[in-house]
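A.B. asks: Chain S: place on chain Y using the hints.
Number of protein chains: 2
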Amino acid sequence: MVTRLSHFFLRTLREDPADAEVTSHRLLVRAGYIRRAAPGIFTWLPLGLKVKARIEAVVREEMGNAGAYEVHFPALLPREPYEASGRWTSYGDGIFRLQDRRGADYLLAPTHEEMFTLLVRDLYSSYKDLPLSIYQIQDKYRDEARPRAGLLRGREFTMKDAYSFDYTDDGQDASYQAQRDAYERIFQRLGLEYVIVAADNGLMGGARSEEFLHPTPVGEDTFVRSAGGYAANVEAFTTVAPDAIPFDGLPTPVIFDSPDTPTIETLVAHSNAVLEGDYSAADTLKNVVLALTHPDGTRELVVVGIPGDREVDDKRVEVAFAPAAVEAATPEDFQRQPLLVKGYIGPWSEQGAILGEESATGIRFFLDPRVVDGTSWITGANIDQKHVHSLVAGRDFASDGFVEVANVRAGDPAPDGSGPVELARGMEIGHVFALGRFFAETLGLKVLDENGKLVTVTMGSYGIGITRILAIIAELNNDDKGLIWPASVAPFDVHVVATGRDAAAFDLAEKLSADLETAGFDVLLDDRPKVSPGVKFGDAELVGVPQIIIVGRGAADGQVELWDRRTGDREVVAATDAVAHLSAR
Amino acid sequence: MVTRLSHFFLRTLREDPADAEVTSHRLLVRAGYIRRAAPGIFTWLPLGLKVKARIEAVVREEMGNAGAYEVHFPALLPREPYEASGRWTSYGDGIFRLQDRRGADYLLAPTHEEMFTLLVRDLYSSYKDLPLSIYQIQDKYRDEARPRAGLLRGREFTMKDAYSFDYTDDGQDASYQAQRDAYERIFQRLGLEYVIVAADNGLMGGARSEEFLHPTPVGEDTFVRSAGGYAANVEAFTTVAPDAIPFDGLPTPVIFDSPDTPTIETLVAHSNAVLEGDYSAADTLKNVVLALTHPDGTRELVVVGIPGDREVDDKRVEVAFAPAAVEAATPEDFQRQPLLVKGYIGPWSEQGAILGEESATGIRFFLDPRVVDGTSWITGANIDQKHVHSLVAGRDFASDGFVEVANVRAGDPAPDGSGPVELARGMEIGHVFALGRFFAETLGLKVLDENGKLVTVTMGSYGIGITRILAIIAELNNDDKGLIWPASVAPFDVHVVATGRDAAAFDLAEKLSADLETAGFDVLLDDRPKVSPGVKFGDAELVGVPQIIIVGRGAADGQVELWDRRTGDREVVAATDAVAHLSAR
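Respectively, the protein sequence lines represent chains Y and S.
Take 1 as the starting number for the first sequence in full-length UniProt numbering and just add one per residue.
Take 1 as the starting number for the second sequence in full-length UniProt numbering and just add one per residue.
Among these hints, one or two may not hold up.
As the list makes no split between identical chains, a pair holds if one copy fits it or if it spans any two.
[What the hints assert, rightly or not] Cut-off 27 Å, straight-line C-alpha distance, at most; resulting in silico cross-link-like pairs (DSS-like, lysine-lysine): (1) K50 to K511; (2) K128 to K453; (3) K530 to K511; (4) K530 to K128; (5) K530 to K446; (6) K50 to K481.
Calculated directly from the structure, the hints in this document are not laboratory data.
Remember, predicted model here, so these are calculated numbers, not experimental data.
So that you can see chain Y by itself, here it is in the shape it has in the complex (with noise of 0.2 Å):
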């Protein structure tokens, strides 16, 4: 059935929403697509359903061809599946949670793990009902903190997750590449560019996690790639460390006066001065001090000891010490710890150690990997305006470990041996997550293998954030006049505009509109009587439909013109020849 502009549900807006911080955001509100329902919630207007409704299909369509079956888990959840697993508290402020008038309490879950594994658990206890991949395309709540950037980051989402479910660890690696063959169609068939990272494994257990990011310099995440190959997210990067180096014949250290020397930079200049080298930051060991608070709400002190000219990262920092969260320490935790001479810290004075292992100030000092034994360092000397040189990492000081907190570099190595990596951004299209027995150890999913023996299930979890990745979609496809939508997820495939005050071009247009129906297009026909052509083609532009056909002064020598909406081509043609021509695109 033609779809008819003068009788469909879409206003489209001249001015921008006032709270959009993004294109997509800004695009899908003035043309129609979505509407602010509440910060983080939006309404879905029949333009907008519909192109996520053909997002959707395809989804489904891939997950059927990767043997996944659908279902589908309640939004609303009873709190103890969630406090078996720990996640209940551990979310925070991060999810929605209520009572019921029998003040019994729930959540609108964020994420279904939980109901997943109870669900194959209550079903299932053979390794023959193995391997099992189900999935589900349902709306899903996040309390942000922030809700912003339109549908890139909401508080209620359309999500498809699946998970696999196997009882041999070989099972699961085919389970998981299934999913993760699944997602490149899917990607393919959607004209998104992706890029498959590794990613960090989290507090799981799970033994591979991979990211799919779309490259774009306006990403949100950052990950690293060589030419070689490799690409992981900074989350995800291991540093290569250099070998370690004989002690034999290494100058011993040296405490020198440094005054007014707290930064990196002022410690490199006045130590070429003094010291008469040409040392850069590079030689010196930076200590900084982090606060964690752990999950039973303790708080720790610990240091890192990264080389100078690195700084610690954010993102890398916060998956090192998970579950813990991080912050710099504040005045007052220095304070606490007169050890440590703010400006001044390293591991060791000459009355000994003073972080790390046996030390006398009990904080935990881990050390960047580069730091190997026989490193020579110039760092502070827990002594106010005094730093140490010749400062052996091995020798002089130890540490409680390694820990991945530096910022990683372009240049640096990537671990597999392909060659220096490069710096690039992207956005998160997918993820796919080889969970490992956690969840099935602690909901008791088990089931009985070739021997009769209980064995515990292992799980991979699979997630692509359906409107995310439309409004990605909107982000990558448009111009300054609108919406350029991919045909494989256009609201509709073809836009007749009929123009003028002619009813011969309105009765070609409808005439058009059915031809085109019948050959199997989906149409959106223009039929607004008194609506100027300026004002119509203005909205085709900023609808997006990728292929318009203008019905107007032609129309009465059975002339139409195609409008390629990407490419801004318009070529006129004869009506009776528009179909053929459409189809051969």
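C.D. replies: Showing chain S alone in chain Y's frame:
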């Protein structure tokens, strides 16, 4: 793609779920369509989701045919619009409320009139934009006091709710009719017999309201209908009042002793004895004391006078006094009103009016419409152990108006003159409601009319409970072996069962399934190895796909058995003819 039971996510259960009160709930759980997640909250398994999707597809198609466009509102909504309409409060305990991390109030929407009204207000401004009909298929939430009967009354459920917007009453009539016609087509396609009954039009000033009921003796709703075509639910039935009787020559009231006659039964027996008449309960006026609790919290006692052969109907009294809540008067209420002598209450005493206008008590008094002027009654004398006879309405006592609170009985005349009514039971499957201008007035939805004058829009609201419909279809289509789906909503078109140990049977079943898929059938293939024919047949009967094909012993001879799940008929045909046989059905 053929769906194979060897991999499909399905586990049928031998036992009925402990909490299942109704057949649909019992069978949908046992056959693997749904699982309980919390009281009144269900998870949809693949089979259930497929049936639900098919029902939704029928509804979508007919909404499209009715010229309605699909939108989708959030489930999580801010308080403000519901505060403006008064429903934030009036829903009482019936909705789920929550707060976000900033303390802002939200609710899980039980229905969306407010949001639809605001959306149209924000986008439309002219009569030229109307009429408009928009709808959504969306999950809704109600915190039922006692969620029960599985999907028939859940706390999370899926509804199709449509809303129409017009600026004239004629336009509203046409929009209403278009939805009503669509409902008829939907229920016909779903194989659901229906009766359209007049319904109470509620508090919102609506002009017209009708329910679609499926007539069934196990229905939870009572409705009345006449052979002449009248149909209404009991709340909407209006009594035909007899003509008034001239007062001339009517005897004057006489008080008489009536010891120990606090009930109608004892009163009638006593009256016939002492008055030497032939009275029945219909000759007595029963005065029932009710306690109303108004929305502002105030409590008011009222009395209703109805013929002694009728009872106060709970549903009718609720509608009659809405928005007040109604309950029977308590002993404390009687203590506070000593003029009300329990068992002997009447509108009149020798001192004057006891109830009604200008009464001594100030208590409002309402009459059944049958108590017209000139009718003569035996009723209480407001003196313990005394009644009065020959008390004439309109002459000896007055009232504050008529109310429809007495029960409806088979044989009562239909208000449209179409003859006596009978009582029947049904299940509500749809509701069409001319809302009028309540929401538009409250939320400021006005448009400019042809004369440039601002006019308030008139709305309609039209609902179908998708998950409820699914349960009703299951409730009506089953036998002692399991479900029997109508073809229009079955999860699969054909269930092919391969039995025996003969590889030839499995090969033939595979080939036949592929042929059926090619011919356009959606096929479920039971290819489970090492499962006995008995278990496979039992599962096929429980799951309820309407057409079953058994591929077993006859496979070697190229023969299969067609099994009609509803009739039980079995027929052996050549496998090569099976597709043609099914296509012909």
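A.B. asks: The structure should be examined with respect to each hint, and the outcome stated for every one.
C.D. replies: Comparing the hints with the structure gives:
no.: 1; hint: K50 to K511; result: within (24 Å within a copy, 37 Å between copies)
no.: 2; hint: K128 to K453; result: within (13 Å within a copy, 72 Å between copies)
no.: 3; hint: K530 to K511; result: within (20 Å within a copy, 59 Å between copies)
no.: 4; hint: K530 to K128; result: between (67 Å within a copy, 11 Å between copies)
no.: 5; hint: K530 to K446; result: between (68 Å within a copy, 23 Å between copies)
no.: 6; hint: K50 to K481; result: within (21 Å within a copy, 41 Å between copies)
Every hint from the earlier list agrees with this structure, and none is contradicted.
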